[in-house]
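Colleague: Here is how the chains run, residue by residue.
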Amino acid sequence: MDLITIAFYFFSALTIVFGAVVVFTKNIMHAAFSLLFAFFGIAGLYVLLSADFLAITQIMIYIGGILVLIIFGVMLTTRITGVDVKTGKIGKIQIGIAGLLTVLIAATLIMIFSTSKWYLADSKPLDSTVNEIGTALLTNYLLAFEAASMLLLIAIVGAAFIARKKH
Amino acid sequence: MIQYIKNIWAGLSSSFIGMKITWKHLFVKKVTIQYPDQRFTLPEKARNRLYLEMSKCNGCNSCAIACPVNCITVETIRVSPNDPQQEVHFNGKDRKLWVSRYEIDFAKCCYCGLCTAACPSDAINHTTEYEYSEYKRENLVYKFQTLTPEQVIEKERLLAEFRTQEKVCHPETDKKPADNKTADKTTE
Amino acid sequence: MENVNFLYDLLGRNIISVVLVISLPLMFVLVYALVAILAELKVSAWIQERLGPMRTGPWGIMQPIAEVVKLIQKEDITPDKSSKLLYNLAPFIIFTGAYAAFAVIPFSEYFVPAGINLGLFYIFAVGSISAIGIVMGGWASNNKYSLMGAMRSVAQLISYEVPAAMAVLSIVVLASTMNMQEINKLQTGWFWNWFIFGGPGTLAKIWVIPFTLGLGLIYFISSLAETNRVPFDIPEGESELVAGFHTEYGGMKFAMFFFAEYANMFVVAAVLTTIFLGGWNSPFNTFMQGPFWGVFWFVSKAFSVVLVQIWIRWTLPRFRVDQLMYIGWKVLLPLSFICFMAISLFVMLK
Numbered sequence: 001m002d003l004i005t006i007a008f009y010f011f012s013a014l015t016i017v018f019g020a021v022v023v024f025t026k027n028i029m030h031a032a033f034s035l036l037f038a039f040f041g042i043a044g045l046y047v048l049l050s051a052d053f054l055a056i057t058q059i060m061i062y063i064g065g066i067l068v069l070i071i072f073g074v075m076l077t078t079r080i081t082g083v084d085v086k087t088g089k090i091g092k093i094q095i096g097i098a099g100l101l102t103v104l105i106a107a108t109l110i111m112i113f114s115t116s117k118w119y120l121a122d123s124k125p126l127d128s129t130v131n132e133i134g135t136a137l138l139t140n141y142l143l144a145f146e147a148a149s150m151l152l153l154i155a156i157v158g159a160a161f162i163a164r165k166k167h
Numbered sequence: 001m002i003q004y005i006k007n008i009w010a011g012l013s014s015s016f017i018g019m020k021i022t023w024k025h026l027f028v029k030k031v032t033i034q035y036p037d038q039r040f041t042l043p044e045k046a047r048n049r050l051y052l053e054m055s056k057c058n059g060c061n062s063c064a065i066a067c068p069v070n071c072i073t074v075e076t077i078r079v080s081p082n083d084p085q086q087e088v089h090f091n092g093k094d095r096k097l098w099v100s101r102y103e104i105d106f107a108k109c110c111y112c113g114l115c116t117a118a119c120p121s122d123a124i125n126h127t128t129e130y131e132y133s134e135y136k137r138e139n140l141v142y143k144f145q146t147l148t149p150e151q152v153i154e155k156e157r158l159l160a161e162f163r164t165q166e167k168v169c170h171p172e173t174d175k176k177p178a179d180n181k182t183a184d185k186t187t188e
Numbered sequence: 001m002e003n004v005n006f007l008y009d010l011l012g013r014n015i016i017s018v019v020l021v022i023s024l025p026l027m028f029v030l031v032y033a034l035v036a037i038l039a040e041l042k043v044s045a046w047i048q049e050r051l052g053p054m055r056t057g058p059w060g061i062m063q064p065i066a067e068v069v070k071l072i073q074k075e076d077i078t079p080d081k082s083s084k085l086l087y088n089l090a091p092f093i094i095f096t097g098a099y100a101a102f103a104v105i106p107f108s109e110y111f112v113p114a115g116i117n118l119g120l121f122y123i124f125a126v127g128s129i130s131a132i133g134i135v136m137g138g139w140a141s142n143n144k145y146s147l148m149g150a151m152r153s154v155a156q157l158i159s160y161e162v163p164a165a166m167a168v169l170s171i172v173v174l175a176s177t178m179n180m181q182e183i184n185k186l187q188t189g190w191f192w193n194w195f196i197f198g199g200p201g202t203l204a205k206i207w208v209i210p211f212t213l214g215l216g217l218i219y220f221i222s223s224l225a226e227t228n229r230v231p232f233d234i235p236e237g238e239s240e241l242v243a244g245f246h247t248e249y250g251g252m253k254f255a256m257f258f259f260a261e262y263a264n265m266f267v268v269a270a271v272l273t274t275i276f277l278g279g280w281n282s283p284f285n286t287f288m289q290g291p292f293w294g295v296f297w298f299v300s301k302a303f304s305v306v307l308v309q310i311w312i313r314w315t316l317p318r319f320r321v322d323q324l325m326y327i328g329w330k331v332l333l334p335l336s337f338i339c340f341m342a343i344s345l346f347v348m349l350k
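Quick note, the sequences are listed as chains L, H and C, same order.
So in the numbering used here the end of the first sequence lands on 167, straight run, no missing numbers.
So in the numbering used here the end of the second sequence lands on 188, straight run, no missing numbers.
So in the numbering used here the end of the third sequence lands on 350, straight run, no missing numbers.
Bear in mind the hints are in silico, worked out from the structure with no lab data behind them.
Each hint should be verified, as a subset may be incorrect.
Okay, derived cross-link-like pairs now, DSBU-like style, lysine-lysine, Cα gap no bigger than 35 Å in a straight line [stated by the list, open to error]:
#1 C/Lys330 - H/Lys30
#2 H/Lys136 - C/Lys350
#3 C/Lys70 - H/Lys24
#4 H/Lys96 - H/Lys6
#5 C/Lys330 - H/Lys24
#6 C/Lys144 - H/Lys45
#7 H/Lys20 - C/Lys74
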């Protein structure tokens, strides 16, 4: 077992364990902070796949952006008002539906996993993926890129509109 | 728009002016005195710890009366003419009162200097000493009397003896001090 | 990606050399933090015409060591109603965030812990980890002041990361690389090859000099805000919030916050040095140029930037929250966009 394999198992375990904590913990703050480690593990996995740009973007966007916003939102609602925000009890019907869905998705995933043929890419270390990603985004995938940016712009304008409507 | 740019310029330039000022202050001679190593030269009339010269003190109690915080305690005994130990003040007059107790509580003293002003014989004065902190408050009560407790008892006994003698021999009292005076002059 | 690292050349790429490469910046941070704390004490004293600490060692130079010893001796307190795990974890997360950035800082031509191609991007990414640490500490303390401090800190960090990123991106456009080592190599030569003076190139670069100078200033101001330094120290704000997010911390955990703050100061100073001030390059062409002198130039440039940060701390008063947001969103952001546009235009036309 070389260092890369050990690192892979470490990051996978990190992701899975903290993902489980996110799902099972009652305290929303603990869930939010567990997300930090889960995201970090995923970033590590990206690095092992030599997707360096993706890994750093993962940290930048998910930890620096989304996670901070989640915590910010939760923090404004909990403790300071004296009420701990916790996940409530779930009814039996919901558990049934969720269980059914989980089993279905898991079955599908396992089926795909076992039936598809896996091609191994030749593992030469990539120099950098930024150039390729940049070129691809501004040539082949320009439409998708622009559509995504339009979506974000609309979301920002909408958020600003909702926030400004005072009366 | 112009206001906006002016604001930015004012903010930036004023920060730079502030930084220039602090930069200059970096090289100004420092005002700190490294206290135990370096000392501030005291002003001529600095008021610090008091000192009483017992040879000058005539026990008049004006310092204790002048003291606004009552930190001076004076107790005196009249000098008996029969006392073998007689003292002369620096100004040539002979001692009328033995100072049996002269205490200054420096925990109370406010260094106003009224006692020094009130003293008729310049016995109490400020010194330049200001480092006398103590671990116990009782240690700040300074005792300036020169008489030992035994001597005090002796003086009291002598005075009491003299008084009884005086009452027995001479009901009129104005003669004795004159006697005393002549006796002193002869010794001189 | 060629990885120039003298330790790998010397010892080969094995576990010992890797550990050495990882721990060298840590030793540097510890020594640097002590020096920076002393500088903070001394500069503040001199600006106020005092002498500062004078009793520990000659001219008081041992004062930081005395303070660290004091902090180690202190009792380790965890507030009763705090969230214990997160409370104890937060200082480590913050220090991790601060220290992670050292992985890509090029100290010399032959020493950079990890010469990855996305160095600058990586520094911005790990900067956000300390933000999480601050929120974690502030929230877990279960104290109103800490929570307020944490929230202010995050709001400030989000706001000022944008102009800082724009400033860095403009230089990335100019240099067309994100590798900090490559950026340094571009600036070799006289000091007018530094990116704050428009970078290397012909006289035509005169058109970008005002913009790069402005970007340097914008990055410096934003970096002050990102490291919670005065005048942007509203997350700590002694007079309003006691000490902000680290009100409840004491002893060694407080020391971790302290070290992280000074490490962060060095990181932003190092980024400023690398992308604007020529990194490990000598300002005078080949004079004192070389791998060993590189460390000297890099550390002295970065430390001068740290000194300027300290100097500003003892000059300017603290901003109000609304002033802070005004500066971030309405002044620095538009200006950085203008500079970015201008530099992009210049690069396109060149």
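Colleague: Taking each numbered hint in turn, which are not upheld by the structure, reported in ascending numerical order?
Modeller: 1, 2, 4, 6 and 7
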